[in-house]
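Q: Protein sequences, first through last, are from chains B and W. Residue numbering for the first sequence follows this note's numbering, beginning at 111 and increasing consecutively. Residue numbering for the second sequence follows this note's numbering, beginning at 111 and increasing consecutively.
It should be emphasised that the hints constitute simulated quantities derived from the structure, not laboratory data. There's no promise every hint is true.
[What the hints assert, rightly or not] Which bits of chain W does chain B cover? Going by a derived footprint, with three or more residues having C-beta under 8 Å, they are: (1) 220-230; (2) 291-305; (3) 591-600.
What you are looking at is a predicted structure, and each value in this text was computed from that prediction instead of being measured. Glycine included, every Cβ here is placed at the ideal spot set by N, Cα and C.
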Amino acid sequence: MLRRELIRSTKWFPYPNTTTIPKTIHRMKKTAILAAFAAFAVAAVAEDKIVIKGSDTLGAKLVPQLAEAYKGAGNSVSFEIAAEGSSTAFTALLEGAGDIGMSSRGIKQKEIDALAAKGMKQVEWLAGFDMIGVIVNEKNPVKNLTKEQIKSIFVGEVTDWSEVGGPAGPISIYTRNTSSGTFKAFQEMAMDEKDYSKDAQMMAGNEQIAQEVGKNANGIGYVGLAFATGEGIKAISVEGVELKAENAKQYPIARSLYYYTVEGKLSPAAEKFVKWATTSDEALAIVKKVHFIPAK
Amino acid sequence: MPASTSEKPVSVSRFQEKGFRFLGLTFQDVIRYFFGGNASLAIVALLLICVFLIREAWLFFPTHRHDLAIFRQTGVEYVDLMLQEGIAHKEAYTLLNQAYLAELNEPSQSVAAILLAHQQVALEVSKANQRTVDDWKKADDAGKVALRTRWVEGAEKALDQNETWNVEVARFEWTGDLRQKMRQAVLEEGPGGDEKSPFIAELEERKAQIFAETSERLKPFNAIKLAFRNAGRPLDALTDELAKIAKENRELASTFSSAPERKEALLEGAAMETDPVIKARKVAEAEAIVMVAPDYASLTRPFYDSVPKHDAVNTALRSDLAGILATFPEPGTLQTELGRKNLRLAHKSTEQLLGKLKLAAADVKAWRHDAKVGFGAAVTSFFFGKRWITNSSWQDFYGVLPLFSGSLIIALIAMVVAVPFSIASAIYVNQLASFKEQSFVKPTIEFIGAIPSVVLGFFGIMVLGTTLRDVSQLEWLSWVPGFPMQERLTMLNAGLLLAFMAIPTIFTLAEDAINNVPHAFTESSFALGATKLQTVFRVILPTALSGIIAAILLGFGRIIGETMVVLLVAGNKIQIPDFNAGLGVIAQPAHTMTGIIAQELGEVERGSLHWRALFMVGMVLFVISLIINYIAQWVVKRFHKV
Numbered sequence: 111m112l113r114r115e116l117i118r119s120t121k122w123f124p125y126p127n128t129t130t131i132p133k134t135i136h137r138m139k140k141t142a143i144l145a146a147f148a149a150f151a152v153a154a155v156a157e158d159k160i161v162i163k164g165s166d167t168l169g170a171k172l173v174p175q176l177a178e179a180y181k182g183a184g185n186s187v188s189f190e191i192a193a194e195g196s197s198t199a200f201t202a203l204l205e206g207a208g209d210i211g212m213s214s215r216g217i218k219q220k221e222i223d224a225l226a227a228k229g230m231k232q233v234e235w236l237a238g239f240d241m242i243g244v245i246v247n248e249k250n251p252v253k254n255l256t257k258e259q260i261k262s263i264f265v266g267e268v269t270d271w272s273e274v275g276g277p278a279g280p281i282s283i284y285t286r287n288t289s290s291g292t293f294k295a296f297q298e299m300a301m302d303e304k305d306y307s308k309d310a311q312m313m314a315g316n317e318q319i320a321q322e323v324g325k326n327a328n329g330i331g332y333v334g335l336a337f338a339t340g341e342g343i344k345a346i347s348v349e350g351v352e353l354k355a356e357n358a359k360q361y362p363i364a365r366s367l368y369y370y371t372v373e374g375k376l377s378p379a380a381e382k383f384v385k386w387a388t389t390s391d392e393a394l395a396i397v398k399k400v401h402f403i404p405a406k
Numbered sequence: 111m112p113a114s115t116s117e118k119p120v121s122v123s124r125f126q127e128k129g130f131r132f133l134g135l136t137f138q139d140v141i142r143y144f145f146g147g148n149a150s151l152a153i154v155a156l157l158l159i160c161v162f163l164i165r166e167a168w169l170f171f172p173t174h175r176h177d178l179a180i181f182r183q184t185g186v187e188y189v190d191l192m193l194q195e196g197i198a199h200k201e202a203y204t205l206l207n208q209a210y211l212a213e214l215n216e217p218s219q220s221v222a223a224i225l226l227a228h229q230q231v232a233l234e235v236s237k238a239n240q241r242t243v244d245d246w247k248k249a250d251d252a253g254k255v256a257l258r259t260r261w262v263e264g265a266e267k268a269l270d271q272n273e274t275w276n277v278e279v280a281r282f283e284w285t286g287d288l289r290q291k292m293r294q295a296v297l298e299e300g301p302g303g304d305e306k307s308p309f310i311a312e313l314e315e316r317k318a319q320i321f322a323e324t325s326e327r328l329k330p331f332n333a334i335k336l337a338f339r340n341a342g343r344p345l346d347a348l349t350d351e352l353a354k355i356a357k358e359n360r361e362l363a364s365t366f367s368s369a370p371e372r373k374e375a376l377l378e379g380a381a382m383e384t385d386p387v388i389k390a391r392k393v394a395e396a397e398a399i400v401m402v403a404p405d406y407a408s409l410t411r412p413f414y415d416s417v418p419k420h421d422a423v424n425t426a427l428r429s430d431l432a433g434i435l436a437t438f439p440e441p442g443t444l445q446t447e448l449g450r451k452n453l454r455l456a457h458k459s460t461e462q463l464l465g466k467l468k469l470a471a472a473d474v475k476a477w478r479h480d481a482k483v484g485f486g487a488a489v490t491s492f493f494f495g496k497r498w499i500t501n502s503s504w505q506d507f508y509g510v511l512p513l514f515s516g517s518l519i520i521a522l523i524a525m526v527v528a529v530p531f532s533i534a535s536a537i538y539v540n541q542l543a544s545f546k547e548q549s550f551v552k553p554t555i556e557f558i559g560a561i562p563s564v565v566l567g568f569f570g571i572m573v574l575g576t577t578l579r580d581v582s583q584l585e586w587l588s589w590v591p592g593f594p595m596q597e598r599l600t601m602l603n604a605g606l607l608l609a610f611m612a613i614p615t616i617f618t619l620a621e622d623a624i625n626n627v628p629h630a631f632t633e634s635s636f637a638l639g640a641t642k643l644q645t646v647f648r649v650i651l652p653t654a655l656s657g658i659i660a661a662i663l664l665g666f667g668r669i670i671g672e673t674m675v676v677l678l679v680a681g682n683k684i685q686i687p688d689f690n691a692g693l694g695v696i697a698q699p700a701h702t703m704t705g706i707i708a709q710e711l712g713e714v715e716r717g718s719l720h721w722r723a724l725f726m727v728g729m730v731l732f733v734i735s736l737i738i739n740y741i742a743q744w745v746v747k748r749f750h751k752v
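Could you build all of it, start to finish, from the sequences and the hints given here?
A: Encoded structure:
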């Protein structure tokens, strides 16, 4: 049984019913992984187990890498990580099905109320920030754009620099391709989830976007913080806020990433981990490595 | 050689001895079956690949049909109709806005150009003194005094260099004492650029003044423009409101269609669980999953209810726009060429918009959530769909037309360039070149084929793209269609590189075809008194024509399937190229069928609709290659004259 589950959870084997919507399969796969993890965990009763649930942004790379490093540092714990979206963090906490919830947004009032109704109170741990820089050619006199202007440019409603205060010239839009997480994150944070302009050119990576914008006086694109300084490009301010790690809290195309726990219900092992993940230098280095901004 | 030939009969005869058998087979039989087995294995593998491809790709259509049915049932389709109205309105508006802005900016253009030039010079100077600038940002007041001196020294050095003054600003030239004033201004501003020099301040003031005067004069135009924009607001508001409902509906639909699998997965997970508490919880969770189909009739009620409202909004928008269109200024009254051009375009676009709105009104009224989605719709929306949008938060569309047109145009550009080159070199090498030339040119051209395509793609990004664009900026080349080019990554760039890749294929095959013309033909031609050139063009070429056509076709097949170059160099813009640009279309970026597979397959969930769509695109490519190869073989057979 276990082996079958494991095989299924890898990418290379077909699912029984292949005519479903991708998201479902994804979810199902995660459930399968989770089940497999659970089975492992039961086998290894001697270890403390930390259950972490929630955001895909955090759960895709950062938390698994943190978990590996934490175990590598000689801590005898096992992890169960399920990344199915931020809202699942709070349902898990509510049902007591998880020790730590990961969320790429702040907790909502409704969720605070739901916890309070069960006599629980959340504790918020800042995991880091996720910032996306909007870059233009350094020769472009435009220094600042509003969020609305950025949206209209990337959606394709504004097609000329003169419409946003620059010299006349058709705007060339460079975006990441659809398989990129940044593609989606930018769409959510800066474009109200609207589709990209059909004029957008899809580049394979941050570096390629920076390169094209650097060579095209009318170019605009977005890149992760690490790529925002390069030959021929400059990051513009958004709503007057410069792209700097210090401005992470005010910068509009950024989001805080959190861990949530329940007050008084946190196991010592989980508490030790979450403290380590938010404060230790080793953990912060990993946060940087996956292109987030450490909270400190 | 003689040594081995003398040994050979001995070794063969030893195995031919009657008594030597292995599993009842003689040695020769074994060899025969070994080779035969290898050949048939290759064919079996090919067949298996074909079956696999066809099966995966074919399943695309039922899946796609299911997706389209959900698109319709949930009412997303209904809102999409309105969304398209809004997009068309904004397209027309942006042209009008650009016409207005061209007029608005024109009077202050000369001042703005100086300011822009100043910005570029200041940028060059601070780049040359990057360290000082960085230190300045961190320095305290005392440190700044020392840095100031360092800055002035560095800045003067930079300003003495001619490159610093190379600015790319339209309609701008360094005249008279402008350069001297600019020099002073840059030095006065200091490393942080926070102190404004009086000269620049004065220019900015003048610009603002001219700007204010112009906007006063253009007030009526501005009012027209704003009225045009605001006319669309009720439609946008209605669309936004309905889009929310549509998204919720689609969420419900996807939850429902995934329910059985989720339930199964949870139950399986529960079965593995040993802890009774967790097990009970998991089973309860699984049982709680709702398996009842959403009631689409009631879910889409708000849309049907909104039809009269949309009708009112649409009618109002049309009459508003028609009214505003009548008040558009005469293009002749505008002062700038750009303004006139954009105004004419806006005019045309608004007229089209009115037609589109009228059609959309009818479509919205006729929309029914329960109208059946036929299999034909799933097929045609793939082959003739104009939108390829994936990973959308609204709705994915899989229309292959943008990709197909990109692939086709790039291949055509490549052929236009490659065919003359390769055929001419084939004729020259085979017929006219001396033996020495022949033995140098032929291997060299064939060597091109050995260059890995990723290397060529890299060359295209780093060298060819920049060179092409720089060349296209030259004044005396502006008559070339598509010039000056804004982009580096274009279909032209990709086409040129692919032409380079196709040359060895076409050259080699064409040269073979020419070589196969019997000597008797040439000799008879000479005997009749024809010259060398007459022989080549009247005798050899017509005879070898079928082979040459086959060579061209195979070259075409070679480049339409090429992936790496187009992925890196074509610009990856998923849109049907704008043929209004005439031949200039070649300067636009595009995406290709091969490129999209390479780009998107890596991250796509196996078995999903998107995954199958990519397989379908692969299938289209496969069929195209098959047809081309078939035609090439047919041409050779049918027209082979020898």
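Q: Each hint should be assessed against the structure and marked as holding or not.
A: Hints, one by one, checked against the model:
no., hint, in the structure
1, 220-230, "holds (count 5)"
2, 291-305, "violated (count 0)"
3, 591-600, "holds (count 4)"
Hint 2 from the earlier list is the only one contradicted by this structure; the remaining hints agree with it.
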